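Asks: With chain A held as given, fit chain B onto it using these hints.
Residue numbers (my numbering), protein chains in the order written: chain A, 1 to 271; chain B, 1001 to 1428.
No wet-lab data here; the hints were simulated from the structure.
These figures come from a predicted structure and were not determined experimentally.
Hints are all accurate, no fakes.
In silico SDA-like cross-links for lysine to any residue, where the CA-CA straight-line distance does not exceed 25 Å:
| hint | chain 1 | residue 1 | chain 2 | residue 2 |
| --- | --- | --- | --- | --- |
| 1 | B | Lys1230 | B | Pro1207 |
| 2 | B | Lys1128 | B | Glu1418 |
| 3 | B | Lys1092 | A | Tyr227 |
| 4 | B | Lys1188 | A | Tyr191 |
| 5 | A | Lys82 | A | Leu100 |
| 6 | B | Lys1096 | A | Ser163 |
| 7 | A | Lys199 | B | Leu1162 |
| 8 | B | Lys1199 | A | Phe197 |
| 9 | B | Lys1092 | A | Phe226 |
| 10 | A | Lys236 | B | Pro1414 |
| 11 | A | Lys199 | B | Lys1199 |
| 12 | A | Lys159 | A | Lys236 |
| 13 | B | Lys1409 | A | Ser163 |
| 14 | A | Lys82 | A | Ile13 |
| 15 | B | Lys1230 | B | Glu1173 |
| 16 | A | Lys199 | B | Phe1183 |
| 17 | B | Lys1092 | B | Glu1418 |
| 18 | B | Lys1409 | A | Tyr227 |
| 19 | B | Lys1357 | B | Ile1251 |
| 20 | A | Lys230 | B | Ile1024 |
Pairwise CB distance ranges (calculated):
| hint | chain 1 | residue 1 | chain 2 | residue 2 | range |
| --- | --- | --- | --- | --- | --- |
| 21 | B | Glu1340 | A | Ile48 | 41 to 49 Å |
| 22 | B | Asn1319 | A | Tyr33 | 56 to 64 Å |
| 23 | B | Phe1390 | A | Glu165 | 17 to 25 Å |
| 24 | A | Tyr33 | B | Asn1316 | 49 to 57 Å |
A few chain B residues that face chain A, going by a derived Cβ cut-off under 8 Å, partial list only:
| hint | residue |
| --- | --- |
| 25 | Ser1019 |
| 26 | Leu1219 |
| 27 | Ala1238 |
| 28 | Met1380 |
| 29 | Ile1381 |
Yeah, the Cβ is synthetic: ideal placement off N, Cα and C, and Gly gets one too.
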Amino acid sequence: MNSEFICLLMAGIAYWGAIILSFREASRRIALYFIMPAALIVHLASAIIRWVAIGHPPVFGTYEATLAASWFMPLTALLAVKRHRQIELIIPWTALFALLHLAYGFTFNTARIPITISEQSIWVDLHAMAAWLAYGELFISFLLSLMLLMKTGGATILKGLPSEELMDELIFKYLVLGFIFHTLMFALGSYYSSTLFGKWWTWDPVDTLFMISWIIFGLIVHMRLFYGWKNERMAKLVIIGMITIFIGYWSLVYIPWATYHIFDIGLKMHG
Amino acid sequence: MKKSFTKTVWDSLGSRDLSVFIFIMGLTYLFVGYIFSTIVPPGWFDSFQSLLPLLVMYTLFFINLVICEIKWIPVAIGRCRQLELPRPDNLKRFGKGIGLDESYSINSLKQSLSKSFFRIKEYEVEGKSVLFYIRGLTAPLGNIIFHISFLFLLAGILVGLLYRVEGSFSIIEGRGFDGTPGFYNDIKGSPLSELPYIKFTLDSIIPEFWEGELLFTDLRADLTMEDGSKGSSWLSEAIGIDGASVTVNGIGYAISYNLKDREGKELKSGTVSMPNLFAPGMEDTLTIPGYPHRFLVAYYPDAKINGSNISNLSMNRKNPVIGLRVYRGRLPVFTGLLREGEEAEFDNHYISFPEVKYRGDFKFVKDSGFYFIWIAFVMMISGLVWRFLFCRKEVLIIEDKGEYSIYLKSEYFPLLFEKRIREMAGQL
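With the rest of the complex left out, here is chain A (with noise of 0.2 Å):
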């Protein structure tokens, strides 16, 4: 076993670590403020190994989107609890997505692949971490939404959240970085694809579901503006705009026949 999966390995253990603790009040901060950044720590660790091998940042193919994702939403949930303590409930839960994420992107191809040449531009790299940067955010977003609603439904798990308006205003926050960070993302990868397709937007699939999840951003937006929709009904469309997202990165493992974001490509040409 090589560096890299030692690594890993550890952060897989950290990120176990931490979902225990968490759970737990007494413990939680010692998961907060020592587990969960051990774990991100090894965790960038085995993606710099990996970095170093293939000469490009590890976001390309399904694997290195799961390494990529299952870092970068512990790490933007880390970054929001150390702002707003009241939240620290969402730790266990981004642990838990990082731990479920990397598993699942073990079954696919972990072999260190060189990056095609479509994507060798700095314009792709900035796009992908764009991409990352408003998941994270749309993730707590979505997370504190969920709390919520299950807050209001009386779930007794959640002891510790903040007030129902605190949390509005922590689901909107996020909400808003993520659509500034979404809305980077587009504006990179338009101009990434007009340089390789010469075209600015096309109707991928891809595209026009990202398309869907920032339109319904917006609309969460203009809704909470224009008629005050505040606490569950903004919680319920911050979830449906989650789910395109979720629906749209998995189109791009899942269509790949469909979409010019392929994410893992057949290479071999003989046997």
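Replies: Using the frame of chain A, we list chain B on its own:
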């Protein structure tokens, strides 16, 4: 008072309800687009989107946007100018003040606010000392910038529809391209478009493949321009020529042949592009004018010969071998493998292939609408940042005989702002 018909139409077209309706229509339309784009060929949806009902939707969207902005711009500008200094006897817009316990530090709060891009106004009203901090006074402009960006997007699309021109052409290494229309494989031009002046010599095509895989790790075309300057074009990075972006987006093989008679006299020679020769191992047919033979050629850039079997180890030109079958009518007159320059004998003739060159497939796009599109994206992002990350926040500190009262106001995030202020005051 009854509204006039024009006013009713104006208000309806610029209403928030219509905005939301267009959002929902747009979502439905895109959802249908998503389903179709997964099951129909890529170009199909491009024609679908220009159907009349969808054009009506686009038109309605832009009418709604323009009317909303016409209504909103004076209000927003008014708000930007509105720096009404609050008076301690009229604090209606602030609501109730925040309570800080004994442990807070008003000095710490003042210092933190000064460092956080707040403008400070200090004044006295009826013997009370007032400190008014304000930030994000011009934030409403962000909203306008964001929405006007869609008009730039529209301008970009319209300019593209009128002036866009694109096309493709292929050149063999060592040859020049002079940009005359006959040299293009295809040209698609908009009504007012003009063909860019593209003229260069293709010095070399340099592809790199990863090990034995059909995976480009590099594809570069080195060019010499008309004025003698050098340039390069990649698949993922265009070279700009006369306002057009030119990229090399594919390669193929072109094969040089030399046909001789039995005395060694050259009968025919030339270099022909063979589009079906790539990928390696595929066969393409060469015919030579005046001769009845068909030459079926295959190319292995990195061949491994094992008895009568041949396989290709990589895409790189390390050990090139040409597979040749020659037919006269249906009769095979030669079958064999040749190295570059080796001769094959058939019907008292000799054919050799001294060189296999790369053929570069180029694409060019000239679309001035792109400039408007990029401006639109910059406006979108800066508008959002301006509106939401620098939204309007106000802090009012009133000192009356050594006692401090603090009042806060924030767009969008009042509770988070209160929490931040408490942190600044050192209470958290």
